[in-house]
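Enquirer: Which chain is which? The protein sequence lines are A and B, in order.
If you read the first sequence in our numbering, its first letter stands for residue 1, the second for the next number, and so on.
If you read the second sequence in our numbering, its first letter stands for residue 404, the second for the next number, and so on.
Just so you know, these hints were derived from the structure itself, not from any lab.
Yeah, the Cβ is synthetic: ideal placement off N, Cα and C, and Gly gets one too.
Take the hints with a grain of salt, since some may be wrong.
Computed Cβ-Cβ distance ranges for the label pairs, DEER-style [claimed, not checked]:
no., chain 1, residue 1, chain 2, residue 2, range
1, A, S183, B, E470, 54 to 62 Å
2, B, L467, A, A244, 53 to 61 Å
3, A, D164, B, E544, 43 to 51 Å
4, A, G167, B, S586, 18 to 26 Å
5, B, E470, A, G86, 54 to 62 Å
Below, a list of computed lysine-lysine pairs in the DSS-like style, where the Cα atoms sit at most 30 Å apart [claimed, not checked]:
no., chain 1, residue 1, chain 2, residue 2
6, B, K589, A, K184
7, B, K451, A, K271
8, B, K451, A, K63
9, B, K454, A, K165
10, A, K48, B, K487
11, B, K626, A, K51
Protein chains: 2
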Amino acid sequence: MKRLALILTAAFIGFSANAQQALWGGPQVESPVINEDGTVTFRLQAPKAVKVEVTGDFLPTQKLTFEMNGNKMEYDAPGVAELKEGPNGVWEYTTPFVVAPEMYTYTFRVNGFTTIDPNNVFVNRDIASLTSVLLVPVAGERSDLYAIHKVPHGSVAKVWYHSDKAGFDRRLTVYTPAGYETSKAKYPVLYVLHGIGGDEDAWVTQGRATQILDNLIARGEAKPMIVVFTNGNISQEAAPLENADGYTRPTMALPQTMEGSFETAFPEIVKFIDSHYRSIAKKQSRAICGLSMGGFHTLYNTLNYPDLFNYSGMFSAAIGVNDTSVSPIYQDFDKKLATYFSKKPALLWIGCGKTDFLIQANRDFMKKLDEKGYPYTFMETEGGHIWRNWRVYLSEFVPLIFK
Amino acid sequence: MKRLALILTAAFIGFSANAQQALWGGPQVESPVINEDGTVTFRLQAPKAVKVEVTGDFLPTQKLTFEMNGNKMEYDAPGVAELKEGPNGVWEYTTPFVVAPEMYTYTFRVNGFTTIDPNNVFVNRDIASLTSVLLVPVAGERSDLYAIHKVPHGSVAKVWYHSDKAGFDRRLTVYTPAGYETSKAKYPVLYVLHGIGGDEDAWVTQGRATQILDNLIARGEAKPMIVVFTNGNISQEAAPLENADGYTRPTMALPQTMEGSFETAFPEIVKFIDSHYRSIAKKQSRAICGLSMGGFHTLYNTLNYPDLFNYSGMFSAAIGVNDTSVSPIYQDFDKKLATYFSKKPALLWIGCGKTDFLIQANRDFMKKLDEKGYPYTFMETEGGHIWRNWRVYLSEFVPLIFK
């Protein structure tokens with residue numbers, strides 16, 4: 001056994017120079033480490049560096065200004081902290097504060113060169129960039145919902161449906177709850193939509209949606225349900241690495257995301273799910289929610305198909321800023337709103353952060369609802385347009401549906 | 404629409420400093436780029452660096468020596484090339500040769516600090532380390548099998564089964580071929596096993612197994628089949644990031660991988676699949692294969708359950724190096740071999756590279772088979788103990804089964 005371990009070990013080294021460093025060579029660099037006192041230590045081996053920094057949303061934010069096409073906008077940027085050099089070229093920083101339970105992302109800057117933490121394989125992709133992940137779960141805290149527990153786990157599948165509208169097959173992520181495969185039961189369906197630049201992977205990586213579902217269902221706080229994560233860009237087959245065109249660098253020039261085609265084609269997805277899964281194909285058992293652009297898509301899917309969804313959740317929704325001329329989907333807003341509420345939907349749920357740049361648009365929308373006496377539920381949180389809030393909104397919304 | 408794009412854009416910047424650099428800030432760094440002449444250019448923005456190198460298996464290998472516990476072993480390490488600094492602190496290297504169609508992995512070294520290519524979101528995890536991926540697909544070449552094409556795609560699911568042997572739920576990756584959900588048909592099942600340190604993710608990331616399956620089935624070169632990717636470490640619930648214990652740093656001290664428990668418990672997995680999927684639950688419609696440690700597991704699953712598998716594939720199998728005293732699974736080898744062949748299995752397929760450190764062990768095994776007149780198929784390739792060969796072996800093995 002020892003000899004075998006040795007030669008297999010040697011094979012790894014031959015295969016990966018990184019593995020050598022990570023497993024045997026050089027000092028053992030562990031990063032990040034959640035310390036017993038609740039602080040977190042970050043380490044990086046960079047023997048010839050002059051300056052090493054860590055930046056991430058576990059640090060207090062700083063105000064920065066962004067300029068584009070002559071417009072200046074202030075925004076909250078993640079804070080930055082400097083690491084200090086220790087023995088063997090290992091740089092280190094320990095937070096002077098207890099890091100609150102939450103899921104954070106961070107990157108290192110080595111002499112101005114930005115990259116992930118090479119000692120942490122927990123990495124998320126956000127559009128075109130990678131960030132390292134720090135998950136601080138604490139029992140009893142909300143972030144405990146984001147951790148994996150020894151509870152029954154649902155299945156998470158990447159599946160393809162044919163889109164007549166797009167003219168090709170497109171990819172979905174589908175969660176089926178624990179017990180689905182052997183049960184004869186039918187299940188309600190929740191559709192969950194991502195923001196601009198995201199794709200069918202975003203909610204299950206950055207959003208921790210399948211962990212939230214597993215845990216809420218195991219606690220008895222949510223009904224077992226099928227959950228469908230769509231790709232909101234109808235011109236895309238799938239997430240960047242899963243396209244037939246190979247990897248194409250994502251840009252902000254996103255075609256076909258907010259000109260009506262996604263909402264026009266949405267019934268194709270509902271039809272696919274109802275014909276391929278044991279779903280309850282009725283309005284009472286269908287819900288939809290989404291973040292930012294996905295909140296916008298949620299609103300217009302809800303209004304244009306008033307017989308499809310009984311529960312709708314708008315998370316930091318990008319409302320009130322669209323060009324209504326591009327599609328009939330966005331026209332006759334007040335009339336569609338009246339029709340929707342006349343059918344007495346079970347829930348319209350709105351969540352937004354106090355410092356979100358979309359808070360005013362959401363307040364304007366709610367003012368309109370108030371004037372008409374249309375019922376809705378609103379949750380206002382601290383913070384802005386960030387995943388931290390969207391995970392909260394999902395875990396608040398899911399227990400309210402299919403009751 | 405413009406105003407919306409602007410404010411959503413600003414939100415991203417607030418969320419991720421990387422996104423800023425990647426999408427607007429600084430010079431547009433594209434890396435890697437496959438040039439029209441077949442060379443590949445790597446770029447990195449590192450304004451204050453003194454030395455920037457790229458290392459990966461697209462470069463000619465170099466011989467290095469590894470010492471552990473007093474034993475010296477020579478191995479093939481990936482080559483290293485230096486990038487040259489250009490304007491704006493962007494370093495660049497273009498291969499002086501055409502990069503052959505293949506899937507490669509690489510990392511950068513900036514002043515001795517090793518990390519991935521921050522401009523390439525295509526990243527693979529191998530045990531405890533991350534590497535950037537360069538896929539060079541060329542129509543008509545084998546690596547074309549590793550690319551995603553506009554063909555019907557199977558579903559790829561992460562599912563959990565209960566292991567009585569382990570005492571907890573464990574994770575599998577399950578591929579169901581295109582059409583499975585709506586077909587009433589039953590399908591044959593192939594079990595695919597990873598190497599030491601791998602997990603249920605390895606074959607679908609580094610192995611490109613689901614792309615290989617989609618493409619071979621679409622070409623009519625393989626039968627539609629269910630494919631199950633197991634986790635060969637019975638003490639693990641799942642891949643490191645998917646455990647209830649949270650992320651624990653992988654080490655080479657792998658418990659319960661080659662002491663018989665995985666093979667002892669293997670029928671649990673077969674039973675789960677046959678009760679949860681429309682599988683053909685017969686020896687004629689069952690195959691198993693694996694790489695390195697997984698080739699070893701394949702051999703002992705095949706020999707200990709001579710009525711389970713009709714097709715077995717051993718890829719760079721770690722045979723002849725085990726301690727037979729640790730489990731009855733590894734005892735009575737010759738007798739089990741005789742019983743297995745007396746039942747006339749359809750295929751025992753062996754693949755190994757000429758410079759693999761396990762080639763002699765495989766030759767010794769085949770010598771034994773020859774002496775007894777037991778039939779097998781052998782494919783010898785160039786190269787050693789590497790994923791490049793395992794992708795080749797899988798794409799050779801799959802067309803031969805269930806005929």
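Enquirer: Now, for every hint given, state plainly whether the structure supports it.
Expert: Checked hints:
no. : hint                          : in the structure
1   : A/S183 <-> B/E470: 54 to 62 Å : holds (56 Å)
2   : B/L467 <-> A/A244: 53 to 61 Å : violated (39 Å)
3   : A/D164 <-> B/E544: 43 to 51 Å : violated (34 Å)
4   : A/G167 <-> B/S586: 18 to 26 Å : holds (24 Å)
5   : B/E470 <-> A/G86: 54 to 62 Å  : violated (27 Å)
6   : B/K589 <-> A/K184             : holds (19 Å)
7   : B/K451 <-> A/K271             : violated (55 Å)
8   : B/K451 <-> A/K63              : holds (26 Å)
9   : B/K454 <-> A/K165             : violated (51 Å)
10  : A/K48 <-> B/K487              : holds (18 Å)
11  : B/K626 <-> A/K51              : violated (56 Å)
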